[in-house]
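Student: If you want the building blocks of each chain, they are given just below.
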Amino acid sequence: MTQTHTRFLIVDDSELVRQGLRIVLQENPEWEVCGEASNGADAVELFKELHPNFVIVDFQMPGMNGIDTARRLLAVAPAVPIIMFTQHAGNELEKHALEAGIRSVVSKTDSFPIVEIIEALLDPIDRSAVRLQRDI
Amino acid sequence: MVNEQEKVKILMVDDQPAKLLSYEVILKELNEDLLKAHSGKEALDQLLRNDIAVVLMDVSMPELDGFELADMIRQHPRFQKTAIIFISAVHLTDLDQLKAYQRGAVDYISVPIVPELLRAKVTVFADLHRKTRQMEMLNHQLRHLSARLMAAQDEERRRIARELHDSVGQLVATFSMNNGLALMQADKLTPTAGNALRQNTALVQQLSKEIRTISHLLHPPLLDEIGLLPAIKMFADGFAERSSIKVDVDFSPDIDRLTPKVEISIFRIVQECLTNVYRHSESKTASIKIWPSDDKMLSLQVCDQGKGIPSERRVSMSQGKSDGVGLSGMRERVRELGGTLDIHSNGSGTTVLAVIPVTSAETASD
Chain A
1309 MTQTHTRFLI
1319 VDDSELVRQG
1329 LRIVLQENPE
1339 WEVCGEASNG
1349 ADAVELFKEL
1359 HPNFVIVDFQ
1369 MPGMNGIDTA
1379 RRLLAVAPAV
1389 PIIMFTQHAG
1399 NELEKHALEA
1409 GIRSVVSKTD
1419 SFPIVEIIEA
1429 LLDPIDRSAV
1439 RLQRDI
Chain B
27 MVNEQEKVKI
37 LMVDDQPAKL
47 LSYEVILKEL
57 NEDLLKAHSG
67 KEALDQLLRN
77 DIAVVLMDVS
87 MPELDGFELA
97 DMIRQHPRFQ
107 KTAIIFISAV
117 HLTDLDQLKA
127 YQRGAVDYIS
137 VPIVPELLRA
147 KVTVFADLHR
157 KTRQMEMLNH
167 QLRHLSARLM
177 AAQDEERRRI
187 ARELHDSVGQ
197 LVATFSMNNG
207 LALMQADKLT
217 PTAGNALRQN
227 TALVQQLSKE
237 IRTISHLLHP
247 PLLDEIGLLP
257 AIKMFADGFA
267 ERSSIKVDVD
277 FSPDIDRLTP
287 KVEISIFRIV
297 QECLTNVYRH
307 SESKTASIKI
317 WPSDDKMLSL
327 QVCDQGKGIP
337 SERRVSMSQG
347 KSDGVGLSGM
357 RERVRELGGT
367 LDIHSNGSGT
377 TVLAVIPVTS
387 AETASD
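These protein sequence lines are chains A and B, in that order.
Under my numbering, the first residue of the first sequence carries the number 1309, and numbering increases by one thereafter.
Under my numbering, the first residue of the second sequence carries the number 27, and numbering increases by one thereafter.
Think of the hints as simulated: they come from the structure by calculation, not from any bench.
These numbers were taken from a predicted model, which means no experiment stands behind them.
Take the hints with a grain of salt, since some may be wrong.
DSS-like cross-link-like pairs, simulated, lysine-lysine; straight-line CA separation at most 30 Å [what the hints assert, rightly or not]:
1) B/K33 to B/K157
2) B/K287 to A/K1403
3) B/K125 to A/K1403
4) A/K1403 to B/K33
5) B/K235 to B/K214
6) B/K147 to B/K54
7) B/K214 to B/K287
8) B/K235 to B/K125
9) B/K67 to B/K45
10) B/K35 to B/K157
11) B/K33 to B/K107
12) B/K214 to A/K1403
13) A/K1403 to B/K107
14) B/K67 to A/K1403
15) B/K315 to B/K235
16) B/K322 to B/K310
17) B/K54 to B/K157
18) B/K33 to B/K147
If we strip away everything but chain B, and leave its shape as in the complex, we get (with noise of 0.2 Å):
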């Protein structure tokens, strides 16, 4: 991890080497790490080679001069916000500082040089830069975080409910074929046994099916023995006969099993979606569709008709904002498989679509 003294790199570019050693001599007692380039080509070179946090450039040097240099270093996408200060003697007309700056110049020296301000003015750019990494850095790290707790949540929730299954879901089976058992002989019984027999039959059912709902919540179980699609469409089922809200299905036949990952992710993105439609929408229907948008890609649309993201939440969502745990999870997921998330919304309805990269289950394995 970087820390704060973790040094910079400074790149001065002149084609004279004694004002290279001057800006060296100036910089020296910043502790960073002093790079030098005696011409454009030098410099560009270093700046693919090395991460540079401030270019210290003159502008007037022969074959490439310091905006020629500055326009290349700019068309590269690594090197658009990397800090340049020019230096020069000659040019020090308003309209030349304008061209400077126009040219993504962060500052623009003349000389002779003050060292306190060279010193004061690079040390800005070498913190900014150091900053950057370490949120970058942090970011990542948040990142792998985050993806790594979505899967332990996953597997987790597997572990419970494959628990479920086989523990208090063969008890509640067996009491329950115990319970047909006396039944058939119920006529035996005194009505008031009978009574509560049967009244203890209805009840294990019950019991029975509020596990199986639980258990079927925390983990499909079609998902990992059959696939995807009949998981979803089983989960489906299930939620339209929980919420009374009739969901559509329309998955396109030709799609392979995919990697567990996807497999899950997909899964729980509809869950989340569909959940946001019974808490938030008040649609009465929705639907989902998945189908190959090409080879390599997927993609995923639940819609519903309902009222709609309100106005003030989609104008926070739109800047970036918070937009809730549920659709922060599922950025997430989509982000850590490399797809693209997007959500419409208006007072008529909202659709997610999801666009995932995919790699068949086989294709993984061979």
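Looking at chain A on its own, in the form it has when it is part of the complex (with noise of 0.2 Å):
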């Protein structure tokens, strides 16, 4: 993913959340927010339509959880990153998200180093050094 610019679809059914979210990515001049799902199932349709390279995904949401969501986006382009980033990270829910696909659980309890992730993420040299965030 030689890129530089990166199209990021936040899915959370806080609204707060998404726009604190748009304003720590906008920080980054080559990262762009391109699309907002409140729910799972709206997040597929729109992944689907804007076809972003980056996903960002609570876990507890109405309809389907944030790993289920993970794994219908996944089923549609295996290779996207995704992140979750929720209330109640820890590492039994590490453990199936990691099983899903996703890259990486940030806690929004100690959301600061979401974006260091990110970078990690979207650099193919440095990827085997993402840190994975634990929130014990």
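Taking the hints as your guide, dock the two standalone chains into a single complex.
Tutor: Written as structure tokens, this is what we have:
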């Protein structure tokens, strides 16, 4: 992934969190939020339409949870990096999220490292050095 | 609901119609339902079809005598406590009376019958039966209410946890993100403002963690979405961190998703057990084991290596006396699911074992 421009899809049922993430991501001029969805089903539709190259997904949402949403997105585009941004981060959730193909779980309790994690995932050389954020 | 005046059924058994008629005349003023049987066989038939409070029975009958009939009645689990009063003109020796009591008679009346005496004796057992039925019904209602209360409490906890996540939790998360943005430019602030910002960031993180813990204790987030075992594992991890008690978990890998009622009940039992370990046991370790006992039963065992339940408390528990809200709640949950709960405790630890019949969520939805 050598392109400089990264297009993000944000999936979270809280508008406040989506807004907050948008502000954080737009600090980087090479990053753009191309779409927002408040549930998994809408996310799948938007994903097919907008072809984002990075997805940030919440875990607990009405209808479909973030892990099932990620599975649906990865069935469409297996290589797209997805990270989970949740209040419920922990070893157990991370285990299930990674099994589903999610690259990293970031806690909303300590959201500061999210930028660093996205950068590491976008940089193919540094990919092996991705630090998995744990909230213990 | 049974009220004081509700009639109970009295079964009169005698091969002689004239005697049956005389009992009927004597007992009529009690205003209960009087049923007649002319033989042992007819009596058994009536017992099977009705809820009988008192059996009034002649000892001497052809084919099946009163003693033989009493034996047969007592063999049936439903009639082990049915009151039987024997009436006889011929067998009056002490040995005969003893024989009657050994067969479960509650009384023995000789002929000639004193009507007032017969009425008084029958009334005692009719009232006893009525009160027993009332107690059973109240007990049933109480259990039903208790099950509904627990379900309502679970639902309310789920709702509050969800509210916390959706409102306060998201506000704090956004607060934390904004602080993060401000921190990136903290070098532009005065040292005092920069320190205040860093301190606020730490406070928001702490607040967020506390909200998260409260929400998780109210309702485990992984339970509905991923399953019982990950939810218990996540709870055990958090418990170990908060209490400094090391918790080992050992889950059999071949456990499917269960019905929501069974999953929340098992989760709450584990939660209650670990709370007790923390509050009372002084144990530094605990273990949770879950495995299928067979196709239809699931076993849950929670052990600690603490000081055990005090002996005086164990005695009162074994006598069925009060064993505290927590343990009573566990017992009710297990009973509601049709399972069994055993607690073994001594000076080197306590083991709680629940064995619960389970239906997988998949089977239940078929």
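Student: Below or equal to 30 Å on CA atoms is what counts here, so check B/K54 against B/K157.
Tutor: Holds, because 21 Å separates the two Cα atoms, which is no more than 30 Å.
Student: Regarding the pair A/K1403 and B/K107, is the alpha-carbon distance no greater than 30 Å?
Tutor: It is violated: about 58 Å lies between the C-alpha atoms, which goes past 30 Å.
Student: What's the verdict on B/K147 and B/K54, does the C-alpha distance respect the 30 Å limit or exceed it?
Tutor: Given that 30 Å is the threshold and the Cα spacing comes to 14 Å, the pair holds.
Student: With the threshold set at 30 Å, check whether the alpha-carbon distance from B/K33 to B/K147 stays at or below it.
Tutor: 16 Å, holds
Student: Is the Cα-Cα distance between B/K322 and B/K310 30 Å or less?
Tutor: 34 Å, violated
Student: Holds or violated: B/K35 and B/K157, Cα atoms, limit 30 Å.
Tutor: 14 Å, holds
Student: Check whether the Cα positions of B/K33 and B/K107 lie no farther apart than 30 Å.
Tutor: 19 Å, holds
Student: Between B/K287 and A/K1403, does the CA-CA distance stay at or below 30 Å?
Tutor: 25 Å, holds
Student: Take a quick look at whether A/K1403 and B/K33 sit within 30 Å of each other, Cα to Cα.
Tutor: 64 Å, violated
Student: Given the proposed pairing of B/K214 with B/K287, does the C-alpha separation stay at or below 30 Å?
Tutor: Given pair B/K214, B/K287 is violated - Cα atoms ~55 Å apart, limit 30 Å.
Student: For a C-alpha distance cap of 30 Å, please report whether B/K125 and A/K1403 respect it.
Tutor: 71 Å, violated
Student: Measure nothing beyond the straight line between the CA atoms of B/K214 and A/K1403; if it is 30 Å or shorter, mark the hint as holding.
Tutor: 40 Å, violated
Consistency note: the structure conflicts with the earlier hints numbered 3, 4, 7, 8, 12, 13, 14 and 16.
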